[in-house]
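Visitor: Sequence:
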Amino acid sequence: MKSAKAITEDDRARMTILLVDDEEDIRDLLGMLLADLGYSVRTAENGETALASFMESRPDIILTDIKMPGMNGLALLRAVKKKAPEVEVIMISGHGDMQLAIESLKLDAADFITKPIDDDILSIALDKVTEKILLRRQVKEHTENLEKLVQEKSDRIVELERQTAVEQVMEGLATAMTSLSDLDDQGVFNELPCYISIHSPEMKIVTANGTFTSRFGELAGESSRSIYKNFSGQGSCPVFQAISTKSGGRDEATLMATDGTEIPAIVYTAPITSHDGKVTLVMEVALDISEVNSLKSELVRTQKKYEHIFNQVPCYITVQDRDMKIIEANDRFREDFGFDRGDRCHQAYKNREDICEECPVQKTFEDGGSHTRETIVTSKNGEQYNILVWTAPVFDEGGKVINVVEVSTNITVVRQLQDQLTSLGMMLGSMSHGVKGLLTALDGGVYRVDSGLQKDDMERVEKGWKVVKHRLGHMKKMVMDILYYAKSRELECRPLALGTLATDLAEAVEPKAAENNVEFVREFTNEDHTFHADPDGLVPALINFLENAVDACLYDRSKEDHKVTFRTYEADGKVHFEISDNGTGMDRETRENMFSLFFSSKGANGTGIGLFISNQVIARHHGSIEVDSTVGQGTRFHIQIPSSREDGCGQQSVILPG
10 MKSAKAITED
20 DRARMTILLV
30 DDEEDIRDLL
40 GMLLADLGYS
50 VRTAENGETA
60 LASFMESRPD
70 IILTDIKMPG
80 MNGLALLRAV
90 KKKAPEVEVI
100 MISGHGDMQL
110 AIESLKLDAA
120 DFITKPIDDD
130 ILSIALDKVT
140 EKILLRRQVK
150 EHTENLEKLV
160 QEKSDRIVEL
170 ERQTAVEQVM
180 EGLATAMTSL
190 SDLDDQGVFN
200 ELPCYISIHS
210 PEMKIVTANG
220 TFTSRFGELA
230 GESSRSIYKN
240 FSGQGSCPVF
250 QAISTKSGGR
260 DEATLMATDG
270 TEIPAIVYTA
280 PITSHDGKVT
290 LVMEVALDIS
300 EVNSLKSELV
310 RTQKKYEHIF
320 NQVPCYITVQ
330 DRDMKIIEAN
340 DRFREDFGFD
350 RGDRCHQAYK
360 NREDICEECP
370 VQKTFEDGGS
380 HTRETIVTSK
390 NGEQYNILVW
400 TAPVFDEGGK
410 VINVVEVSTN
420 ITVVRQLQDQ
430 LTSLGMMLGS
440 MSHGVKGLLT
450 ALDGGVYRVD
460 SGLQKDDMER
470 VEKGWKVVKH
480 RLGHMKKMVM
490 DILYYAKSRE
500 LECRPLALGT
510 LATDLAEAVE
520 PKAAENNVEF
530 VREFTNEDHT
540 FHADPDGLVP
550 ALINFLENAV
560 DACLYDRSKE
570 DHKVTFRTYE
580 ADGKVHFEIS
590 DNGTGMDRET
600 RENMFSLFFS
610 SKGANGTGIG
620 LFISNQVIAR
630 HHGSIEVDST
640 VGQGTRFHIQ
650 IPSSREDGCG
660 QQSVILPG
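All letters in the sequence shown, in the order written, are residues 10 to 667 by this note's numbering.
Think of the hints as simulated: they come from the structure by calculation, not from any bench. Predicted, not measured: the structure shown is a model, and the values here were computed from it. Do not rely on the hints blindly, as some may be mistaken.
The calculated label-pair distances, taken between Cβ atoms and stated as ranges, are [what the hints assert, rightly or not]:
| # | residue 1 | residue 2 | range |
| --- | --- | --- | --- |
| 1 | E32 | E383 | 55 to 61 Å |
| 2 | I420 | D581 | 39 to 45 Å |
| 3 | T509 | N320 | 25 to 31 Å |
| 4 | D330 | L158 | 34 to 40 Å |
| 5 | R343 | R600 | 39 to 45 Å |
| 6 | E231 | A401 | 56 to 62 Å |
All C-beta atoms in this analysis are idealised placements derived from N, C-alpha and C, irrespective of residue type, glycine included.
Turn these sequences into a full structure, and let the hints guide you.
Guide: As structure tokens, this is what we get:
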């Protein structure tokens, strides 16, 4: 069985074969054989991989085993033929797979060969499909050439018909204009709202309509150049060009009226030739475009005005097509999000590849109506903005939505104000609740004092006064925390001695620790080291951490002895404050929320403001806080602050609650 056409090595080199078999040895062996035959070979170990390779880069021939795990050869054949019926597929089958091989032929497989594979049979089968592919390409090429030839001939016939029609029109026009130039009573010719004149081959004005003579005077016999501002002597005016080239033309020129008015005009010329091809007359039609130019100028001014408004409005404005591609954007959008024509809005706004859910632009394309939505977007600098989006459709003449205008207003400041008002409301509620509890406890202490005084019971008076002092101290701390949160001021950094600051902090907290039988241990090193910080902010912040450590011991009922260790030192250009206790410890939820505003693990005894403010103070000193805590064992706070002014306070204006 021989092929009708001898397949050359060059023919095989033009073919790419995708070899599919789940057995690696067979893939390697057949791959070498096919390469030796001159084919370009790709391999795949299963049907799924083969289909993916086929979709990525389409081969000319697929050589596939029928039986494979997962997607078998028949399934691969169906998928390939559905996508590209012209791709030739040769099936490899075992002797027991003949029914499957026959089924593959029904599915338009080119051939099948059986295992073990005979090299000659495989070569013949490949030559057959190669010849088939080459013949198909030749037929396609001949068909395209034939279609091109037919199109060229058709275009030539149409062009000849056009030329014939033009010659007939020009011949009739020549006859009409020749007659028209001899008429004394020109009728409608005079009423045409353009300047019409007839010129001789010697470039003399033969006749003109009334509109022409009313602006330029009686110029019969004068030079064809006489009405032009820029043409004199042998200048190439439109009439001269028409006579020289024997073809019509279009020019823009400035005409001079009898009163000296300059008239911008578009000038059309049409030569009238005799049967021997000589120009006998030239018709010149000039259109006054003064009003058109005025309208153009007005249009440009209007366009610039709206462009200015488009760019200056305090909103982000984009125009998008049906693919969600941004085809135009105003300056404010470009400044905050950048602009590359063709970017999609969800890429520019949210750096995501998928269209946003509830996209108002998509809804407008679907129903032609306006839609609004509030969302959060990210600028090119990484800042997040709250925006309110409004969309409007742009229709074509047929009423179809072709574009959508999206106008987005940055409402971040409004949302921040709302959040601040919400926080203020929460703070007032928390403060009111806390003060109410303190006043109740204070009433109880006052009652004990009064009762003790009435009964001359000094022990009762002492206990009552102790309650009053404790609650007054708690109330003072709450008020100071609220003042720190409510006020704002700039950092006022100055040199501080680490040892002096640590001693002052310890002396402020030790009385409370001693009163509650909590051992307070000092471990101070590098006491002479000096660093820059704002003491009015830093001292209350560190006292908050120390008092919380004492409170953690006070609330712990699981052990007898409690201790708070306060350690300070300098290392790596930073000052370190370590505060550890063996009190109650914290669970994971408390650790994660301890620096949140109004979060407190002390119930009515806490405001939820102290640690929030302390965290802000440390952060604004460019410091950091590490927390280690285990429930029932205790907590360790490790606070680090840069020593130098540049690394810590810096030169910038920083707003600090305080």
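Visitor: Is the hinted range of 56 to 62 Å satisfied by the C-beta distance from E231 to A401?
Guide: holds, 59 Å
Visitor: Is the distance from the Cβ of E32 to the Cβ of E383 consistent with 55 to 61 Å?
Guide: holds, 59 Å
Visitor: So the hint says 39 to 45 Å: do the beta-carbon atoms of R343 and R600 match that?
Guide: Between R343 and R600, where Cβ atoms are some 44 Å apart, the hint holds.
Visitor: Return holds or violated for the Cβ distance of D330 and L158 against the range 34 to 40 Å.
Guide: Hint holds: Cβ distance 39 Å, inside 34 to 40 Å.
Visitor: Honestly, do T509 and N320 meet the 25 to 31 Å range at C-beta?
Guide: Once the Cβ atoms are compared, 58 Å apart, the range 25 to 31 Å for N320 and T509 is violated.
Visitor: Just tell me: holds or violated, for the beta carbon distance of I420 and D581 against 39 to 45 Å?
Guide: Distance hint for I420, D581 holds at roughly 44 Å.
Hint compliance for this structure: hint 3 alone is broken.
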